[in-house]
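Using the sequences and the accompanying hints, generate a full structural model.
Chain residues, written in single-letter form:
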Amino acid sequence: MSVLQIKDLKVEFPGRKSTFVAVEGVNLKVEAGKILGVVGESGAGKSTVGNAVIGLLAEPGRIAEGEIYLHGQRIDSLPDKQKRRLRGRKIGMIFQDPLTSLDPLQTVESQLVETIRTHLALSRDEARARAIELIDAVGIPDAPERIKQYPHQFSGGMRQRVVIALALCAEPELVIADEPTTALDVSIQAQILELMKKLCAERNVAMLVITHDMGVIADITDHVAVMYHGKLVEYGETAQVLGHPQHPYTKSLISAVPRPDIRIERFPVVDYIEKAGAPIRQIDIATHWLGKARAYDKAEGPLLKISELGMRFQVAGSIIRSRRRYFDAVKKVSFDIAEGETFGLVGESGSGKSTIARLITGLYHPTGGSIRFAGQELTELSNRKQILAMRRQMQMIFQDPFSSLNARMRVRSIIAEPIKFHRLASSGAQVRQIVDDLLDHVGLGAAAGEKFPHEFSGGQRQRISIARALATRPRFLICDEPTSALDVSIQAQILNLLKDLQQELGLTMLFISHDLAVIRQMCNRIGVMRHGELCEVAECDALFETPEHPYTRELLSLMPSLELLSTENLETA
Amino acid sequence: MSDVSSKDAKGPDAPPGLVARIIDSDMFHSFLRSRITVLAAIGTLILFFVAFFAPLVAPHDPFDLASVSILDARVPPFWMEFADPRFPLGTDDQGRDIISAIFYGMRISLIVGFCSVFLAAALGITLGLIAGYMGGRVDAVIMRIADIQLTFPAILIALLVDGAVHGIFGTLNREVFSFWILIFSIALSFWVQYARTVRGSTMVEKNKEYVQAARVIGIPSSTIMIRHILPNVTGPVLVIATINLALAIVTEATLSFLGVGMPPTQPSLGTLIAIGNDFLYSGEWWIAIFPGLALALLVLNVNLLGDWLRDALNPKLR
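As they're listed, the protein sequences go chains U and A. Going letter by letter, the first sequence gives residues 1 to 573 in the UniProt record's numbering. Going letter by letter, the second sequence gives residues 1 to 318 in the UniProt record's numbering.
Please note that the accuracy of each hint is not assured.
Here chain A is said to cover these stretches of chain U; the calculated rule only asks that three of the stretch's residues, wherever they fall, bring their Cβ under 8 angstroms from a Cβ of chain A [stated by the list, open to error]:
#: 1; region: 312–326
#: 2; region: 384–391
#: 3; region: 401–408
In silico contact screen, one side only, chain A against chain U (beta carbon under 7 angstroms); selected entries [as the list claims (entries may be wrong)]:
#: 4; residue: 208
#: 5; residue: 209
#: 6; residue: 210
#: 7; residue: 212
#: 8; residue: 213
#: 9; residue: 215
#: 10; residue: 216
#: 11; residue: 217
#: 12; residue: 218
#: 13; residue: 219
#: 14; residue: 222
#: 15; residue: 231
#: 16; residue: 232
Keep in mind that the hints were calculated from the coordinates and are not lab data. Just so you know, even glycine gets a beta-carbon here, dropped at the ideal spot from N, CA and C.
As structure tokens, this is what we get:
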């Protein structure tokens, strides 16, 4: 008998005007010792399935139809009190963010012991022994000592291990993991996934893994369920579904996943992906305002030359010099970017890659080294006019599409602001025309100008950001994780758009990402960063095929293998 | 999600009109659902109406000496013996109609309230924005001034300002100055709240990427503060301003009652209560009680509106 069986589940959220159906007609089964992956993009209803099983649907959500069985016993209709007893005892839960899913004021031991004793009839000492055994099992060394510490004394990956230990406390039959590795760096993600796979087999637990990441699915799941708009579109063995997808949505989803192993020219344009809004109206770049006045002086040598760049932040201030403490976010980094090239910077969180972007654009002032842009030393500029001229030549696209646009301004004024500020157009009518053309060119259509940012989805907002960045007619564009907040299919579209724009306008780009697969699709040369230092700079293919630095090799080995995935629809470069 | 169905035949791209948007909004819906808020809003509107149109609504002009007669002094309200139908709520010791005096007094109270809240908000928002955006020493200096400011109660400030102004200009211009002294001293004791709130929100907003995007474009700090940050921090300010309006009216009444506020020739609600206070023990209770009730009603209504606004704008309480 399956551990978990979901039959015809329908979850709805009654609203003021209409009832929103989050999940409809979902049928799933999970066997003991097996891992079922539920994959889908944001809004697909995958988390709602998990929450419905554990009985924690957010108000006013409710299960409208269907049945949920745990070991043949129906659990969705149980009264709240009995449902609560199931949670933790029979069903364990692993949440996304290990920083917030532990109580910061209690030691790991007391959290574990409390949970164990709530569910199992054990004495305090027995519970303690079990807690130590669990901490040991999830791979935290020196368990009897570490268990006395508070959550903040553990790193992010270690904390996620503690969360897993908590979920396993009462020997549950089912563990639900909702995006268990999304908040973690690649190197830690690989370890956690391996641990989950191992524990699942050892303890014969059924596991339901909810994720948006095809890599996670390919790595650890036995079966996979693909969800789209609340419906289950494909369900089967992982190798079968990923290798030979049947449903058009699965096909398009898989073809949108950036591949570390293959470099493609463009992501295939497929159905089932949210449309940007309006068809792109072609403008003739050569004669258009956007293309004109691009005759910047051709730079002698590289367009951007960074040498020995350093950035030191003060972390603890004091009047006494020796008591001050500093953190070196960037340590003596040197690299060049040639005109028309896309240079990639890759590294884990805290490696200093975003700090470099902020140093180049002048948001921070470096504490050492030099930045030469088109032969001009940026760190020595003091004349406001010169600074503005430089600012105009370089623009930046930010990571978070939800905070990078001013919510109180209409899209038209957001995009017109840089044009007006730098007096790049001669009249109000011309500004209007340019904004319309820009909106058309990024695929939103001129009508979008009258709306406010909140009326757009994440991908559409990122298009607005791109239009704003292009509005100063820059020659150098910095993209700081431009797609990491987006779904894969939207990511594919945005990456395509950036590629097209670069070719049309001859832009030089600095592309920053933590995702090696994305970097591979976008960049000519790549720099690998770690702890504020640049480990290695190499041509794109050379880096992936013959990495030199040990850290690069480690990063590459940690990438989830996507060889399972179908390569239909892909044209390799 | 569910917006599609509500759009009419104008087509999916036509934005609905402003009125339709307001009626359709969650805010308006939450307003209608709270019966007490609707009542408070109606009450506030009526009180504001009679106050601002006092010359049209009031049965008498209590300051027109030609029409006031000492013979009508101390007439009781309509249900008591010796009442006069011309004066429904009675008259004071000089024969002025109480209800008309309340209308006119409320007008002065409200004008003082609005002006002082406006001044306090302008001062507090400006300083809060600068402190929050600049940070460092500028922030430290402004916020220490705010801390010192907090140690002085409004009454003390009003007494100090009043004393200083009279010391400089003499008592001759008292009637001209007292209005401005009131506004200035109430504003001076209320700006700190705005400054603190705006500073906090500004510190959150300035790290958001849209502000960084503006800096990358090259836009100067002053423009970023006014064009980008200010519109994003006004939500909480609106709530404080509403609740502060009620507080400012009460403070004004307190100061006027104590004699440092509006002079008896231009009585506010506080002044009227102060005048009536002298007759409270001699049986003419209505001279003090009716202005007092009007004050209580006004403050209660505005406060209820402010409370609702605070809850409606706070996503956690929805």
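A quick look at each hint next to the structure:
Using a Cβ-Cβ cut-off of 8 angstroms, 0 residues of the region 312–326 of chain U lie near chain A, which falls short of the minimum of three, so the contact claim is violated. Check result for the region 384–391 of chain U against chain A: holds, 3 residues qualifying (beta carbon to beta carbon below 8 angstroms, three or more required). Note: the region 401–408 of chain U has 6 residues with beta-carbon separation from chain A under 8 angstroms; the three-residue rule is met and the coverage holds. A distance limit of 7 angstroms between C-beta atoms decides the matter here; for residue 208 of chain A the minimum to chain U is near 4 angstroms, and the interface restraint holds.
Of the supplied interface hints, the one on residue 209 of chain A holds, with its beta-carbon coming within about 4 angstroms of a beta-carbon of chain U, less than 7 angstroms. The closest approach between the C-beta of residue 210 of chain A and any C-beta of chain U is roughly 5 angstroms, which is under the 7 angstroms cut-off, so the hint is satisfied. Given hint, residue 212 of chain A at the interface with chain U, holds; its Cβ is 6 angstroms from that chain's nearest Cβ, closer than 7 angstroms. With 7 angstroms as the threshold, the beta carbon of residue 213 of chain A comes within range of chain U, its nearest partner Cβ sitting at about 6 angstroms, so the hint holds.
The interface hint given for residue 215 of chain A holds, since its Cβ lies 6 angstroms from the closest Cβ of chain U, which is under the 7 angstroms cut-off. Interface hint status for residue 216 of chain A: upheld, as the beta-carbon distance to the closest one in chain U is roughly 5 angstroms, under 7 angstroms. Among the interface hints, the one on residue 217 of chain A holds; its C-beta lies about 5 angstroms from the nearest C-beta in chain U, closer than the 7 angstroms criterion. The interface hint given for residue 218 of chain A is met, as the beta carbon of that residue sits about 4 angstroms from the closest beta carbon of chain U, less than 7 angstroms.
The restraint placing residue 219 of chain A at the interface with chain U holds, with a minimum CB-CB distance near 6 angstroms, inside the 7 angstroms limit. The beta carbon of residue 222 of chain A is not positioned within 7 angstroms of any beta carbon in chain U (closest approach about 13 angstroms), and the interface hint is therefore violated. Look at residue 231 of chain A: its Cβ gets to within about 4 angstroms of chain U, closer than 7 angstroms, so that hint holds up. This hint holds: residue 232 of chain A has a C-beta 6 angstroms from the nearest C-beta of chain U, less than the 7 angstroms allowed.
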